[in-house]
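J.: As a plain string of letters, each chain reads:
Protein chains: 2
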Amino acid sequence: MPSGTLLYAQSGGVTAVINATASAVIQAARSRKVQVLAARNGILGVLNDDLIDTASLSAAQVKALAHTPGGAFGSCRVKLKSLEADRAKYERLLEVFKAHDVRWFLYNGGNDSADTALKVSQLAAEFGYPLTCVGVPKTIDNDLAVTDCCPGFGSAAKYTAVSVREAALDVAAMSETSTKVFVYEAMGRHAGWLAAAAGLAGQGRDDAPQIILFPERAYDEADFLAHVETVVQRVGWCVVVASEGIRDASGKFVADAGGGSDSFGHTQLGGVASHLAGRVKDVLGHKVHWALPDYLQRSARHIASKTDLEQALAVGRKAVEYALAGHNAVMPVIVRESDAPYRWRIEAAPLSRIANHEKTMPAGFIRKDGYGITAAARRYLSPLIQGEAYPPYGADGLPAYLP
Amino acid sequence: MPSGTLLYAQSGGVTAVINATASAVIQAARSRKVQVLAARNGILGVLNDDLIDTASLSAAQVKALAHTPGGAFGSCRVKLKSLEADRAKYERLLEVFKAHDVRWFLYNGGNDSADTALKVSQLAAEFGYPLTCVGVPKTIDNDLAVTDCCPGFGSAAKYTAVSVREAALDVAAMSETSTKVFVYEAMGRHAGWLAAAAGLAGQGRDDAPQIILFPERAYDEADFLAHVETVVQRVGWCVVVASEGIRDASGKFVADAGGGSDSFGHTQLGGVASHLAGRVKDVLGHKVHWALPDYLQRSARHIASKTDLEQALAVGRKAVEYALAGHNAVMPVIVRESDAPYRWRIEAAPLSRIANHEKTMPAGFIRKDGYGITAAARRYLSPLIQGEAYPPYGADGLPAYLP
Chain A
1 MPSGTLLYAQ SGGVTAVINA TASAVIQAAR SRKVQVLAAR NGILGVLNDD LIDTASLSAA
61 QVKALAHTPG GAFGSCRVKL KSLEADRAKY ERLLEVFKAH DVRWFLYNGG NDSADTALKV
121 SQLAAEFGYP LTCVGVPKTI DNDLAVTDCC PGFGSAAKYT AVSVREAALD VAAMSETSTK
181 VFVYEAMGRH AGWLAAAAGL AGQGRDDAPQ IILFPERAYD EADFLAHVET VVQRVGWCVV
241 VASEGIRDAS GKFVADAGGG SDSFGHTQLG GVASHLAGRV KDVLGHKVHW ALPDYLQRSA
301 RHIASKTDLE QALAVGRKAV EYALAGHNAV MPVIVRESDA PYRWRIEAAP LSRIANHEKT
361 MPAGFIRKDG YGITAAARRY LSPLIQGEAY PPYGADGLPA YLP
Chain B
1 MPSGTLLYAQ SGGVTAVINA TASAVIQAAR SRKVQVLAAR NGILGVLNDD LIDTASLSAA
61 QVKALAHTPG GAFGSCRVKL KSLEADRAKY ERLLEVFKAH DVRWFLYNGG NDSADTALKV
121 SQLAAEFGYP LTCVGVPKTI DNDLAVTDCC PGFGSAAKYT AVSVREAALD VAAMSETSTK
181 VFVYEAMGRH AGWLAAAAGL AGQGRDDAPQ IILFPERAYD EADFLAHVET VVQRVGWCVV
241 VASEGIRDAS GKFVADAGGG SDSFGHTQLG GVASHLAGRV KDVLGHKVHW ALPDYLQRSA
301 RHIASKTDLE QALAVGRKAV EYALAGHNAV MPVIVRESDA PYRWRIEAAP LSRIANHEKT
361 MPAGFIRKDG YGITAAARRY LSPLIQGEAY PPYGADGLPA YLP
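Protein chains in written order, with the working numbering: chain A, 1 to 403; chain B, 1 to 403.
There could be a bad hint or two in this list.
The list treats identical chains as one, so a pair stands whether inside a single copy or across any two.
[Stated by the list, open to error] Below, a list of computed lysine-lysine pairs in the BS3-like style, where the Cα atoms sit at most 27 Å apart: (1) Lys252 / Lys281; (2) Lys306 / Lys359; (3) Lys368 / Lys98; (4) Lys252 / Lys359; (5) Lys98 / Lys79.
Honestly, the hints are just simulated from the structure, not real lab data.
Just so it is clear, the structure is predicted and the values come from calculations on it, not from any experiment.
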């Protein structure tokens with residue numbers, strides 16, 4: 001039985017399945033008789049010595065964690081800077097680790113977290129403190145380097161494709177006398193992965209979404225509006241999916257275009273969908289509806305992808321395995337073996353190859369006209385939304401999530 | 001075997017289960033060997049003599065209709081006026097009915113459709129044309145008179161409660177360093193039924209949603225913001241659910257407050273959630289997120305309520321039964337027999353008691369402070385979101401909806 005404590009922390013935007021990873025970590029550690037502490041609110045909990053002993057969780061609670069969205073121990077948006085600039089904070093982390101005999105540190109997050117885990121491991125080595133740091137992948141943005149995909153993305157992708165397919169049926173039914181254009185805003189500030197996933201909702205050119213706007217392509221209003229009009233004329237209605245991060249040719253975020261004040265001088269919160277909807281209404285004169293699912297898309301555990309859930313569990317289990325085996329400064333990443341049938345495995349990759357990198361969509365995933373996805377994108381995306389993993393429901397008709 | 005044709009039409013905003021009603025209508029009529037025509041785009045299809053012979057649908061397609069959201073035959077937002085003002089149109093309807101030997105007219109919609117069905121039945125009587133008109137209830141707004149609830153509402157209510165519970169877990173996890181307030185905008189221009197359903201997401205006063213804004217109560221900005229701040233101080237974060245139709249003391253829609261132009265002079269589409277979020281940000285200084293699910297909430301067949309689905313099927317079957325039995329100018333309504341265990345039956349109610357009435361929430365359903373629901377509201381709402389009725393999924397990982 002290894003001696004010492006394992007510390008687990010969640011970081012950044014949470015997902016529908018990050019708690020599944022937590023559940024797998026706790027279960028794997030328990031089976032090895034290793035104590036797991038969880039930091040409250042990510043790295044903040046370490047800095048504040050605010051740690052939760054997961055031994056207080058019953059086996060049933062640990063199991064329920066796997067079907068509960070959000071971040072059960074709290075997350076945070078705190079990025080540590082370089083070892084030089086934030087040295088005091090890094091030293092504080094080591095101090096707390098020592099106080100709790102932490103020998104294994106699992107940081108569940110994105111690029112920033114991988115960077116932090118890497119730096120902590122470097123400082124521990126410098127101080128001669130025996131610590132194994134493992135980054136655990138998580139992000140709905142799907143923008144981590146090396147790994148084929150990121151736990152959390154598949155479920156958000158499934159939510160997106162399902163929602164767009166459903167809303168499109170609504171628009172089609174209403175279009176003769178009412179709404180002709182529907183705009184859906186997907187998360188994705190720098191990479192259009194979720195907007196691309198919406199493309200799975202349809203196949204042919206007349207299927208919704210007929211237009212997808214990617215942050216990887218400059219937004220050209222005149223061209224966009226012309227495309228919308230063409231689709232409305234041909235199909236009778238048009239569904240647009242826009243990444244929140246689209247920018248015009250000058251690099252200005254379209255979401256900021258509407259920023260400003262309303263008629264009372266109050267802050268007017270805009271966004272991409274509201275702006276595009278306004279332009280469609282003003283210039284084309286069509287009745288338009290728009291949706292901004294915001295947090296709903298990343299917390300929708302009720303429509304999670306089974307594939308995504310399995311990967312979230314697998315990276316948690318493997319992270320414990322790597323940590324206890326002393327694989328330092330690595331991350332369990334997903335390696336795709338084949339598209340169809342979809343096969344994947346987990347491998348350890350060095351954090352140095354992942355930290356602070358950002359993976360955008362390959363150019364070959366975006367259709368030449370810039371408004372849709374290619375067959376290659378479908379081959380990549382489709383396996384990630386396969387399977388349903390419904391949570392149990394309580395007597396109240398609602399998912400029985402851990403409170 | 002009765003002689004003649006049955007005409008079915010969908011009207012107004014579509015729902016996750018209106019096609020289930022259509023499916024039940026077609027199946028019930030087929031079992032009685034009655035031909036069913038469906039009007040394309042509701043009453044417009046009758047005016048334009050644009051009717052679909054549902055005999056072209058295979059048994060498998062009729063079955064698939066029951067798990068497909070949207071309006072398969074097209075809907076419309078066209079309200080006929082009084083018999084005097086729109087006499088030519090009503091006469092045109094009868095003319096088309098006669099041309100297709102339509103003896104039974106089933107109009108699937110809300111208050112307006114009940115009114116149209118009633119007037120058509122009156123004109124038919126005046127002309128001595130043998131026609132039986134049946135209104136079939138449908139609306140996510142749950143505002144039809146007489147019936148205990150409306151098919152379509154239960155599924156939208158379940159979507160709302162599930163989504164708010166999920167998003168709340170996200171906000172709770174992020175609140176320490178990021179988002180402290182989340183605002184969710186629910187449909188409901190005149191009645192707060194869907195916002196009330198969000199109340200099912202939590203039980204205690206610290207559970208989300210901590211604040212619900214109903215159109216039945218005047219919106220008081222200062223009082224609202226004070227409540228938000230109190231909740232943030234006590235809980236650490238706050239989830240607000242707002243009906244799109246809330247108005248201030250002077251009767252002005254809050255959604256219109258943000259209406260105006262952005263900094264480029266373009267139309268700025270606002271809405272309640274974006275406005276409230278802006279005020280929280282400006283006045284309280286909290287980081288805020290907001291969601292506008294729009295059509296997603298009424299087309300979310302993937303998370304439909306089983307109870308709602310069963311009622312949607314039942315009103316379809318009963319509508320055919322009433323029609324063929326010659327029950328003219330009636331609607332099959334849902335009568336609640338008991339809350340727990342939940343028991344209900346279908347009865348025929350005269351359209352004259354339903355047409356043009358609008359049912360708002362009983363005052364006893366809104367908590368005294370105006371920001372939550374009462375135990376009576378829970379007893380009423382809870383049975384309506386019971387049970388899951390998942391659609392089948394295809395090899396693409398998406399619901400296998402009828403195209």
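J.: If a hint holds in the structure, say so; if it doesn't, say that too.
T.: So, going through the hints one by one against the coordinates:
no., hint, result
1, Lys252 / Lys281, "both (22 Å within a copy, 23 Å between copies)"
2, Lys306 / Lys359, "within (24 Å within a copy, 41 Å between copies)"
3, Lys368 / Lys98, "neither (55 Å within a copy, 53 Å between copies)"
4, Lys252 / Lys359, "within (21 Å within a copy, 47 Å between copies)"
5, Lys98 / Lys79, "within (22 Å within a copy, 73 Å between copies)"
When each numbered hint is compared with the structure, a violation occurs for hint 3 only.
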